[in-house]
Amino acid sequence: MRSGARLATMSGMLNATREPAATSNGAAGPILVVDDLRVTFSRHGRVVHAVNGLSYQVRPGRTLAIIGESGSGKSVSVRALMGLLPPSAHIEGSARLDGTELVGLDDKSWRAVRGCQIAMVFQDPASSLNPTMSIGAQLIEAIRMHAPLKRREAAQKAIDLLKLVRLPSPEKRLKQFPHQLSGGMRQRVVIAIALSSDPKLLIADEATTALDVTTQAQIMELLVDIQERLGMAVIMISHDLSLAACYAHEVLVMYAGKAVEHAETRNLFSNVRMPYTKALLDAIPQLSTPAHLQPAIVGGHPPDLSALPEGCAFLPRCPSSTEQCRIEPHLAEHEPEHAYACWHPVSRDGSCTGQKEERP
Amino acid sequence: MSGATTTPAAEKRTRVTENGPAGEQPEGLRARLAGSPVLRLVGRRLMIVIPLLFVVSALVFLLMEALPGDPAQIRAGMDASEEEVEAVRQQMGLDRPGHERYLSWLGGALTGDLGSSVVSGRAVTTLLGERLPVTLQMAGMAFVLSIVISLPLALAAARRPGGLVDRFVMVCSMTLLAVPNFVMALLLVLVFAVGLGMLPAIGFVPLAEGVWPNMRSMILPVLSLAVPMACFYARFLRGDLVEQLNAAAYIDTARSKGTGPWRILWLHAFRNSSFGLLTLVGLNIGALVGGTVIIERIFAMPGMGTLMLEGVMSSDVAVVQTCVFIFAAAAVFANLLVDVMYAVLDPRVRYGSH
Ligand SMILES: Nc1ncnc2c1ncn2[C@@H]1O[C@H](COP(=O)(O)OP(=O)(O)OP(=O)(O)O)[C@@H](O)[C@H]1O
Ligand code: SF4
Ligand SMILES: [Mg+2]
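These protein sequence lines map, in sequence, to chains A and B. The first sequence begins at 1 in the working numbering and counts up one residue at a time. The second sequence begins at 1001 in the working numbering and counts up one residue at a time.
Calculated directly from the structure, the hints in this document are not laboratory data. None of these values were measured; they are calculated from a predicted model. Just so you know, not all the hints are guaranteed correct.
Which residues of chain B face chain A? A partial, calculated answer using Cβ under 7 Å [unchecked claim]:
id, residue
1, Ala1249
2, Arg1271
3, Pro1347
Ranges of calculated distance between the beta carbons of each label pair, as one might list FRET restraints [stated by the list, open to error]:
id, chain 1, residue 1, chain 2, residue 2, range
4, A, Gly183, B, Pro1133, 49 to 55 Å
5, B, Val1171, A, Pro30, 37 to 43 Å
6, A, Ser42, B, Pro1261, 20 to 26 Å
7, A, His179, B, Leu1283, 53 to 59 Å
8, A, His179, B, Thr1175, 38 to 44 Å
9, B, Gly1107, A, Ser169, 56 to 62 Å
10, B, Phe1333, A, Ala112, 27 to 33 Å
11, A, Ser70, B, Leu1283, 39 to 45 Å
The C-beta atom is built at its ideal place from N, Cα and C for all residues, glycine as well.
So here's chain A without its partners, still in its complex pose (with noise of 0.2 Å):
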């Protein structure tokens, strides 16, 4: 049902909409808070500023979708809640995971975090499993790292945790090797392996992308559906906002390292204020095509993230932009609920409310 949405137009797209908080309940605290993250990476005396300042809180139950074209700083800003980032990366700002402060992490602190409290499935299940390890040796390694158990244990464990992510005859699958599965069933493995020490908050960098249509519809479900039974705050980052629109409680729009959009997602796809993320909904076309295709169809380029100018960074891009746009315009709460960062919102029929004749 939410996978035939992706056909559908905009308003099928509204109807499928996951209620908000249906299933938890919605006055628990949030499970992350991050605050004024930045990240920098520093590359031949030039400094790539790749996240620039991102607050969001995510709540337990609750899945916040990240979207925003390729380079606007979506991997980075998960991957730093991970611990996954290289040495060359700097990181600023505060991600508190449950009263716990991510930033600035040693190496020790940072194993017990990581696979425990988060966990993360990645973008391409071909090569996110080591080629020349069992199935179930990489699943019981995971097992096994965060819980005292015996490889008997372990292994019933590991059985469990595929029949959780519905994979076929797990008992016969822990022997198999990654080539010896297809795409989504790999995908599987790695949802299992993220599960298996009931992370409180689970990361999906781009879990669907590398997977055909059907089953990434199967993906999705069934991380809605383990979501539900077991609770845990999700983030999903993708391309594809009718994914975001179909699977999240809440969308976050990123622009060079920055919310520039963030609402409940009924709420920002039927009252869309800022123009990047009206540029991104215009660029869906009806039928479903190639995700990763999709927010190219943006006009002009991203920002060159080591010399970002003074002001929005979607200025030179911006149909609606005038001189007050090369004052930075905050992300703030301009209505209940809705936050956006911009001068010139555009308006509930679409048109633009900026000074410049309106453009078609």
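Starting from the structure of chain A, add chain B with the ligands where the hints point.
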């Protein structure tokens, strides 16, 4: 010999697969062996290797023909008359056409008769029995040592790329790699034999005269062969490991499980880097064999290398032919072994791609 080491493992692994229709294997040891991809691979390779060895033997024979020097003249003595040389030539069968001599040599070789040395008159098989163990011991020890040295160095260096250990290993290996093995041999002799007087400078003590004296005589030759190879392997493996750690997605998966850095290195990255290393080691076996010839000469080790060089000096065809053939066969079998190792190590080869 390769079959003996790989069979049990291969057999166990095939039993374990049970995937799809291929998993429904008929009962019985023979069927299981036939179903083993590793054994099938060995079979396929042997089909190539055996004809290849015949070609090699023919090439070696041709090479001998082309060498200057007349064995009949040497056997008869330099001041022998024309007739005497001719008589010796006939007696040695050298007057017969080349293909006939090749076939009779081949027939002899297949029945364990490799002819006899023109110089000493002793059977080549007897000479092999004396010389082959020396070279095998030396090359074998150098082979194992080069890997034993390089693995920990590469792993330690890759643990923190650009760190102190890494830079130390890289600088040392670069320096030592620039030294050819015969220079290495002379340096080692200067330091350990001439300077410190700890080890014999040259000569070989057979194992029968005691393990320790034998080892003492082996240390310097083995080191001179192993150290340059170890530097080569360590640099290569370190580079490959760092690449895996930086670029491979499965490393991220392993890290996000909470796996520790050493375990990631040796269990995850090394397994994948080992294929590259294996290729390199396989390619290097030819160089190792060539290296033994020079090193045996420097250390006066009575091995295959010296036997061959003596043979060349005295146009001792039967001896040279056998030596060259054995060196070539060693390289061919080493590569066969590398292929089999691939199949044992890499599940993608072992089970075939789907
Ligand atoms: N190791 C690194 N060194 C230097 N710059 C980096 C590094 N990793 C990422 N970056 C830069 O950070 C920026 C953000 O990259 P990131 O991978 O987060 O983008 P993304 O939004 O995930 O894009 P995609 O949708 O293509 O995955 C990019 O401009 C990239 O060049
Ligand atoms: S602030 Fe100005 S340039 Fe930036 S998105 Fe809004 S209108 Fe466009
Ligand atoms: Mg990314």
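If any of the earlier hints don't hold here, list their numbers in rising order. Hint check: 5, 7, 10 fail, others pass.
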